[in-house]
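Residue numbers (the working numbering), protein chains in the order written: chain A, 1 to 276; chain B, 277 to 608.
It should be emphasised that the hints constitute simulated quantities derived from the structure, not laboratory data. Even glycine gets a Cβ: it sits at the ideal position worked out from N, Cα and C. Check before you lean on any hint, since a few could be wrong.
Derived pair list, reagent style DSSO-like, types lysine-lysine, alpha-carbon separation capped at 30 Å [unchecked claim]:
#1 B/394 to B/520
#2 B/430 to B/413
#3 B/482 to B/520
#4 B/413 to B/394
#5 A/10 to B/520
#6 B/479 to A/10
Short, incomplete list of chain B residues facing chain A, as computed with Cβ under 10 Å [said to hold, decoys possible]:
#7 343
#8 346
#9 347
#10 376
#11 380
#12 432
#13 434
#14 449
Here is what each chain is made of, one letter per residue.
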Amino acid sequence: MAEVFFRLAKSPLAMFGLAFILLLVFVAIFADVLAPYPFQKQNLMHSFETPSASFLLGTDEFGRDILSRLIYGARVSLQVGFIAVGIALVVGGMLGALSGYYGGWIDNAIMRVMDVLLSIPQTLLAIAIAAALGPGLFNLMIAVGISAVPTYARIVRGSVLSIRGMEFIEAAKAVGSSDTRIILRHIIPNSMAPIIVQSTLGVASAILNAAGLSFIGLGIQPPYPEWGAMLSGGRQYIRDYPHLTLYPGLAIMLTILALNFLGDGLRDALDPKLKR
Amino acid sequence: MTTDNKRDLLLDVQDLTIHYVTDNGTVHAVENLNLQLGHGETLGFVGETGAGKTTTALGIMRLIPSPPGVIKSGKIIFEGEDLLSMSEADMRGVRGGRIAMIFQDPMTSLNPVMTVDKQIAEMIKLHRNVGEAESLKLAGDMLELVGIRRERMKDYPHQFSGGMKQRVVIAIALACDPGLLIADEPTTALDVTIQAQVLELMKDLKRRFAASMILITHDLGIVADICDTVAIMYAGRVVEYADKRSLYSNPAHPYTVGLFNSVPDLDSDVEELNTIPGLMPDPMELPTGCTFHPRCLRAVPECSVSKPGMIEVEPGHFVACPHAGSKRGSGV
Numbered sequence: 001m002a003e004v005f006f007r008l009a010k011s012p013l014a015m016f017g018l019a020f021i022l023l024l025v026f027v028a029i030f031a032d033v034l035a036p037y038p039f040q041k042q043n044l045m046h047s048f049e050t051p052s053a054s055f056l057l058g059t060d061e062f063g064r065d066i067l068s069r070l071i072y073g074a075r076v077s078l079q080v081g082f083i084a085v086g087i088a089l090v091v092g093g094m095l096g097a098l099s100g101y102y103g104g105w106i107d108n109a110i111m112r113v114m115d116v117l118l119s120i121p122q123t124l125l126a127i128a129i130a131a132a133l134g135p136g137l138f139n140l141m142i143a144v145g146i147s148a149v150p151t152y153a154r155i156v157r158g159s160v161l162s163i164r165g166m167e168f169i170e171a172a173k174a175v176g177s178s179d180t181r182i183i184l185r186h187i188i189p190n191s192m193a194p195i196i197v198q199s200t201l202g203v204a205s206a207i208l209n210a211a212g213l214s215f216i217g218l219g220i221q222p223p224y225p226e227w228g229a230m231l232s233g234g235r236q237y238i239r240d241y242p243h244l245t246l247y248p249g250l251a252i253m254l255t256i257l258a259l260n261f262l263g264d265g266l267r268d269a270l271d272p273k274l275k276r
Numbered sequence: 277m278t279t280d281n282k283r284d285l286l287l288d289v290q291d292l293t294i295h296y297v298t299d300n301g302t303v304h305a306v307e308n309l310n311l312q313l314g315h316g317e318t319l320g321f322v323g324e325t326g327a328g329k330t331t332t333a334l335g336i337m338r339l340i341p342s343p344p345g346v347i348k349s350g351k352i353i354f355e356g357e358d359l360l361s362m363s364e365a366d367m368r369g370v371r372g373g374r375i376a377m378i379f380q381d382p383m384t385s386l387n388p389v390m391t392v393d394k395q396i397a398e399m400i401k402l403h404r405n406v407g408e409a410e411s412l413k414l415a416g417d418m419l420e421l422v423g424i425r426r427e428r429m430k431d432y433p434h435q436f437s438g439g440m441k442q443r444v445v446i447a448i449a450l451a452c453d454p455g456l457l458i459a460d461e462p463t464t465a466l467d468v469t470i471q472a473q474v475l476e477l478m479k480d481l482k483r484r485f486a487a488s489m490i491l492i493t494h495d496l497g498i499v500a501d502i503c504d505t506v507a508i509m510y511a512g513r514v515v516e517y518a519d520k521r522s523l524y525s526n527p528a529h530p531y532t533v534g535l536f537n538s539v540p541d542l543d544s545d546v547e548e549l550n551t552i553p554g555l556m557p558d559p560m561e562l563p564t565g566c567t568f569h570p571r572c573l574r575a576v577p578e579c580s581v582s583k584p585g586m587i588e589v590e591p592g593h594f595v596a597c598p599h600a601g602s603k604r605g606s607g608v
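Next comes chain B alone, as it looks inside the complex:
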């Protein structure tokens, strides 16, 4: 994934490796991860629970709990600067001001004893040179922008519904006009109708603020709706990376194919839903060679020996599997 250097990149993650070192062993949460994100683009980050999606996001923010988390190697180039070599004080300016994060559960990501306007104003005061009154006024503007009436700005989080809380969280994230927005499963904790509203709002605001976005999710439907490019993650590695159209019309990695096959189909009448056989490997003892080979139906003996590199199967479509077929549905 290192070609295409001419593209004007906002974020360029190179060979990022993050481990959790515990008494019981080392957890290989993220291994040699490469990611690129251009201005205004949305990248979907898809994978099972435990694939390392959230760890990657926290790694970009440099918020990995340490100990036990260690960033072993890699570079995170954001707007031309390497975040990993920044001082903690500079990093605080980046968090919120230039990279904002939306957390998974709006029920717990707001401070329960602070009114919402103060929580938005806190973000504004930290990154902009404005006074108390001005920041509260801007906080009210942000609330109106996400569709909450200004009269409710003095309310506490528990007085809002789940969807409204997530709107408040979005208002906080966008309050300082960040270049990059990282959304960690922003709709998982919401029910389906509210999900659609919140996603629509995020799409709209992302366009208005001209921000780039990394959307972490395990819902392929959401990815199809919002994202430009998609990275499929499995056991700490990106196994497939492509623009949305190419990935959906032509999934190449056996794992991606398996994911698509497990999406229920309304038209066909089946007894049982399709699944990928087996479970995610224990991240402390990853299989040798390709980490997916124990579950892969196309595996050949050499898969357990050598780690596959990235192959470009189509322009801009990379796969970490030498046997990646181009025919959808073959194999798995």
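So here's chain A without its partners, still in its complex pose:
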């Protein structure tokens, strides 16, 4: 592990990504201490204020401090992003690995179900699941996660298929490895590159998806702040008070950018062939 980190450290972009994500995690954990105001505190005397010394990033239409809401919002966004992708990766990865490795009717059965799910737009699928489960943070993560399962199943299946035919898999069988061991020790580590890239991109799209669900009232309930909900809430004032949408938008963009840098760096650091 230390070796992987050492290699990761050679890429400045990846280090920026990692630093930014760690900063966000830190902010999310210590939100109660760091936020200058409680996230739900309204102050109608100070609504729509531009950034100033007392409100560093300004205030929204109810006079709530945008910085404090962004800090609390990091909690939700990070949780949704990582846990939803975790769910999608574990479920989709397992299904994809099984269908790629065994092929035949198992492959057909799993992948046809995935095809059906893929034919429904991801957002619509998430809406349907969230509507069935009801609002709330946990249900939001499940809805976003499940709706992303088919994508991961496809990617993992594809890379498993390409690795399965290689001679070292046959060699692993010839030393007496069981199927489970071959999948976990030989196939998965060799197919990490596309999975890591897809996952980091996936965290980003999970955050966006969660934002969308919050916007239509199926995700995080007001007044709890969520970046996507803040963005859509500020939409109607964008002409006169752009700072309402600017800062949540920046937060989402920077997070996604950082995740992509980190993902690229990780992919290179985990590939022993690129070691110098």
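Given the coordinates of chain A, work out where chain B should sit on it, guided by the hints.
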């Protein structure tokens, strides 16, 4: 080839038939194959590409990809047990632990994202009751045994040269002291000088580990160097089976004679190298009777009618041809 029952056999393959059933037809990869291998012996398995050598080897390991591969009939008796009636779980214990295999191409038979010590240790952990640290230590010992410095055990396969990778593959194969080693053209992917080193190493280690070996190759020179007995395979059948001395001094089957005649001779000055006329038959539509008769210069009409059985032309020297001459060079 069923006489000589008194010999203490390690491996006894009886009437093994393996087909690949595809939509386009059935490929007769191996037909009624019989093989016997005693303790500590080395059997050379010679034949053209597509003769069914690798299929036989995979069949013994029970690693025929299925579908489309089917083992139609036969018995594979190894150390007194029939491998074909074993459960899959027991078979996993046999693979690697008691029968190990060396694959043709060392470039692709090692996992590219695992350090070599872990790959050797994996074999050891699967078949011996040892912990992580102990297995890694044993892996280092194995590397030193095949002539790779212990400091390199944390390296990845791409950091080794082809010959060294094949040494690592050999280290993995021998890590659990198997009774039988199946080497599938172990030197084909290597250049000639490295070939010699690797063969020397295999010969030496085989002796030290007291293992038997099946060496699949199409190089008669390698066979002469290493093997005790030789089986010549053509279109899924063994056409000649003999100890090395008897085969080299007295090849009997027209196909074997043809093979020997196509080995270039340094002393004679010829315009063109000798070849056997024609091509290997399509394994989906094998010729009737003797599968070699369309290419055989000694063929008579009845060759296309009846399948020849094995005839013992000398003690321990079997040939699947009723017209097998004992004079070298006659015919073909």
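Now the hints, each set against the structure:
A distance of roughly 39 Å separates the Cα atoms of residue 394 of chain B and residue 520 of chain B; the hinted pair therefore is violated under the 30 Å criterion. For the proposed pair residue 430 of chain B and residue 413 of chain B, the alpha carbon gap of about 12 Å is at most 30 Å, so the pair holds. Proximity of residue 482 of chain B to residue 520 of chain B is assessed by CA-CA distance (about 18 Å); at most 30 Å being required, the pair is judged to hold. Distance hint between residue 413 of chain B and residue 394 of chain B is fulfilled; the C-alpha atoms sit about 10 Å from each other, no more than 30 Å.
Among the hinted pairs, residue 10 of chain A with residue 520 of chain B is inconsistent with the structure: their alpha-carbon atoms are about 59 Å apart, more than 30 Å. Under the criterion of a C-alpha separation no larger than 30 Å, the hint pairing residue 479 of chain B with residue 10 of chain A is inconsistent with the structure, at around 46 Å. Hint on residue 343 of chain B holds. Least Cβ distance to chain A is approximately 8 Å, under the 10 Å limit. Interface hint status for residue 346 of chain B: violated, as the beta-carbon distance to the closest one in chain A is roughly 15 Å, over 10 Å.
Look at residue 347 of chain B: its Cβ only gets to about 16 Å from chain A, farther than 10 Å, so that hint breaks. The beta carbon of residue 376 of chain B is positioned within 10 Å of a beta carbon in chain A (closest approach about 7 Å), and the interface hint is therefore held. Here the hint on residue 380 of chain B is kept, as its CB sits about 8 Å from the closest CB of chain A, short of 10 Å. The beta carbon of residue 432 of chain B is positioned within 10 Å of a beta carbon in chain A (closest approach about 4 Å), and the interface hint is therefore held.
With a cut of 10 Å, the hint placing residue 434 of chain B at the interface with chain A holds, because the nearest CB-to-CB distance is about 5 Å. Checking residue 449 of chain B against chain A: minimum C-beta separation of about 8 Å stays under 10 Å; hint holds.
Comparing the model with each numbered hint stated earlier shows that hints 1, 5, 6, 8 and 9 do not hold.
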